[in-house]
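Taken in order, these protein sequences are the chains called F and D.
Per the working numbering, the very first residue in the first sequence carries number 1103; after that it's consecutive.
Per the working numbering, the very first residue in the second sequence carries number 1339; after that it's consecutive.
If you are wondering where the hints come from, they were derived from the structure by calculation, not from laboratory data.
Careful, some of the hints might be misleading.
Straight-line C-alpha distance at most 16 Å; calculated EDC-like pairs for lysine to aspartate or glutamate [claimed, not checked]:
#: 1; chain 1: F; residue 1: 1125; chain 2: D; residue 2: 1692
#: 2; chain 1: D; residue 1: 1739; chain 2: F; residue 2: 1127
#: 3; chain 1: D; residue 1: 1670; chain 2: D; residue 2: 1525
#: 4; chain 1: D; residue 1: 1579; chain 2: D; residue 2: 1597
#: 5; chain 1: F; residue 1: 1151; chain 2: D; residue 2: 1551
#: 6; chain 1: D; residue 1: 1743; chain 2: F; residue 2: 1127
#: 7; chain 1: D; residue 1: 1549; chain 2: F; residue 2: 1213
#: 8; chain 1: D; residue 1: 1693; chain 2: F; residue 2: 1165
#: 9; chain 1: F; residue 1: 1196; chain 2: F; residue 2: 1175
#: 10; chain 1: D; residue 1: 1418; chain 2: D; residue 2: 1525
#: 11; chain 1: D; residue 1: 1580; chain 2: F; residue 2: 1121
#: 12; chain 1: F; residue 1: 1208; chain 2: F; residue 2: 1131
#: 13; chain 1: D; residue 1: 1743; chain 2: F; residue 2: 1131
#: 14; chain 1: D; residue 1: 1743; chain 2: F; residue 2: 1124
#: 15; chain 1: D; residue 1: 1549; chain 2: D; residue 2: 1637
#: 16; chain 1: D; residue 1: 1362; chain 2: F; residue 2: 1121
If you're wondering where the values come from, they're calculated on a predicted model, not measured in any experiment.
The lines below spell out each chain.
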Amino acid sequence: MTIKEVEQEIVEEFSIFTEWMDKYEYLIELGKSLPIIGDSAKQEGNLIKGCQSRVWLNAQMSDNKLFFTADSDAIITKGIISLLVRVYSGRTPKEILEADIEFIEKIGLQDNLSPTRANGLLSMIRQIKYYAAAYS
Amino acid sequence: MGKISSVSEIRKHFPALEQQVNGKRLVYLDNGATAHKPQSVIDLINQMNSRTNGNIHRAVHELSAQTTALYESAREDIQKYLNAAHPQEIIFTSGTTASINLVAYSFASRFLNKGDAIIITEAEHHSNIVPWQMACEMRGAELRVLPVDDRGNWILESLDKLLDNSVKLVAVSQISNVLGIINPIEDVISKAHSLGVPVLIDGAQGVVHTKVDLQKLDCDFYAFSGHKLYGPTGIGVLYGKKELLDSMPPWMGGGDMVDSVTFRKTTYAPLPLKFEAGTPNFIGAAALGEAIRFMNQIDLDAVSIYEKEIVAFLKEELYKIEGVKVYGVSDKKIPLFSFTVEGAYPSDIAMIMDKLGIALRSGLMCAEPLMQRFGAESMLRASFGMYNTMEEAQIFLEGLKRALKMLR
């Protein structure tokens, strides 16, 4: 599946929720099921610090594809992270750099990417792009 | 005319409280960060922006005279509200942070030398930590920290050890923005004064929840912001005793703060203008004066009784929730509760409650050292203003329980 197709799939999953609470319930569920990254990857170098919560992002290159694992203190943030990992992980650096993702806005979570939320998500996307640029 | 004493009457003056947020009735519990404004303050700001606008102290034309009068009468109303001895002791700044920085720069450049010390406490906001660190670094002085106990109360016995002849200033908060405890500042002031050491009080939270009598309190400096006291943002006050302010050099040079200027030598204007260089936020200052006049219409004793009821209710109810830890335990507490809950992260709780219309603060609260003291990565805070009701306290608890059900 292309990045666009995965995005479309996520948008469809969220389209059944009309209430905010249901969206959050789903994100919490996703957050809980995101594989926790090992403590060895939870080091200072992988830490993205925000005032609200911390995000750890680990990248590995294999077969010209970037694989991401990530974690956060906050479970809703972690749920959103799991969506980002689903979209970006296992892609070539070129695909990542060219992708202009829209699903976050489409499912109504764009507020969480605003700098004022300071939850590390915006920095996480920047960091993903940065890794991709470094490996391309 | 009788004073406004009931919360339902107070609320009617605040249009912001009537709005819906995320489709729910707003329950605004982030007053520790900033409070809403009464209609009279909003009206004055609008009127000045749309009509009464002229630069103060500078011109003979009518609009300038009107704004100057509004600016100076605000100073006098603030002086009377806080019972300061002279209007010149009220310096307008952009807020608590600027007030403290003014003292940290100006006082330190005159009185702080190598080998001297300044005392703060472990429970300070960053704005009452960093300016002193900067001043100490600049002057080669030492920053000493009075610790708090596990309940968040100052360990006053430690003050005797910290306080000696090398100490040049003590800077402490009247009420911590995290703990909500009304601190025994009177004790600190008398101890410091017995050694001739002046005391600065960070009154950002204190001026909102206590009746401040500066002459009785006898502190040497008192700093607060307009926007937490139902006034506008970008305006605040530094109170300082006249003799002390007179002995300090200006910290910013510019217009309105001078007596005469030549390229060889400039002499400075007397207080308060010495510390008010440049065009001040005169609309903000006038509007803060209006907020003070609004406060004068409120029966603050009645507010205080109602606040105590909310504190007692929340104390009891929060402890009933499994895994809740409240920071700041004291009989002298304002309705400001910082807490953590086992198994649920603060920002998650705050995000869910936001969608229920309940505005809370989460994060480090601009007090990282205190967070470290309590081993917390982040906290959640509910802080009440004089317009918040007991019903809202109940809505907050129900919302919290609902969020926890989802998260745990």
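* Is the Cα-Cα distance between residue 1743 of chain D and residue 1124 of chain F 16 Å or less? -> holds, 13 Å
* Regarding the pair residue 1362 of chain D and residue 1121 of chain F, is the alpha-carbon distance no greater than 16 Å? -> Holds: residue 1362 of chain D and residue 1121 of chain F sit about 12 Å apart, inside 16 Å.
* For the pair supplied as a hint, residue 1743 of chain D and residue 1127 of chain F, confirm whether the alpha-carbon distance does not exceed 16 Å. => The hint holds at about 10 Å.
* Has the given pair, residue 1579 of chain D with residue 1597 of chain D, been kept, meaning a C-alpha gap of at most 16 Å? -> With Cα atoms ~21 Å apart, residue 1579 of chain D and residue 1597 of chain D exceed 16 Å; violated.
* Do the alpha carbons of residue 1418 of chain D and residue 1525 of chain D lie within 16 Å of each other, as the hint requires? -> violated, 24 Å
* Given the hint that residue 1670 of chain D pairs with residue 1525 of chain D, test it: the Cα-Cα distance must not exceed 16 Å. => holds, 15 Å
* Pair hint residue 1549 of chain D and residue 1213 of chain F, alpha-carbon separation not exceeding 16 Å -> Distance of about 40 Å is beyond 16 Å: violated.
* **Pair hint residue 1693 of chain D and residue 1165 of chain F, alpha-carbon separation not exceeding 16 Å** => Violated, because 43 Å separates the two Cα atoms, which is more than 16 Å.
* **Restraint check for residue 1549 of chain D with residue 1637 of chain D, where alpha carbons must lie at most 16 Å apart** => holds, 11 Å
* Given the hinted pair residue 1151 of chain F and residue 1551 of chain D, is their alpha-carbon gap at most 16 Å? -> The given pair, whose Cα atoms are some 42 Å apart, is violated under the 16 Å limit.
* Does the structure keep residue 1580 of chain D and residue 1121 of chain F at a Cα separation of 16 Å or less? -> violated, 59 Å
* Assess, step by step, whether the Cα of residue 1208 of chain F is no farther than 16 Å from the Cα of residue 1131 of chain F, and give holds or violated. => At roughly 20 Å apart (the allowed maximum being 16 Å), residue 1131 of chain F and residue 1208 of chain F break the hint.
Hint violations for this structure: numbers 4, 5, 7, 8, 9, 10, 11 and 12, all remaining hints satisfied.
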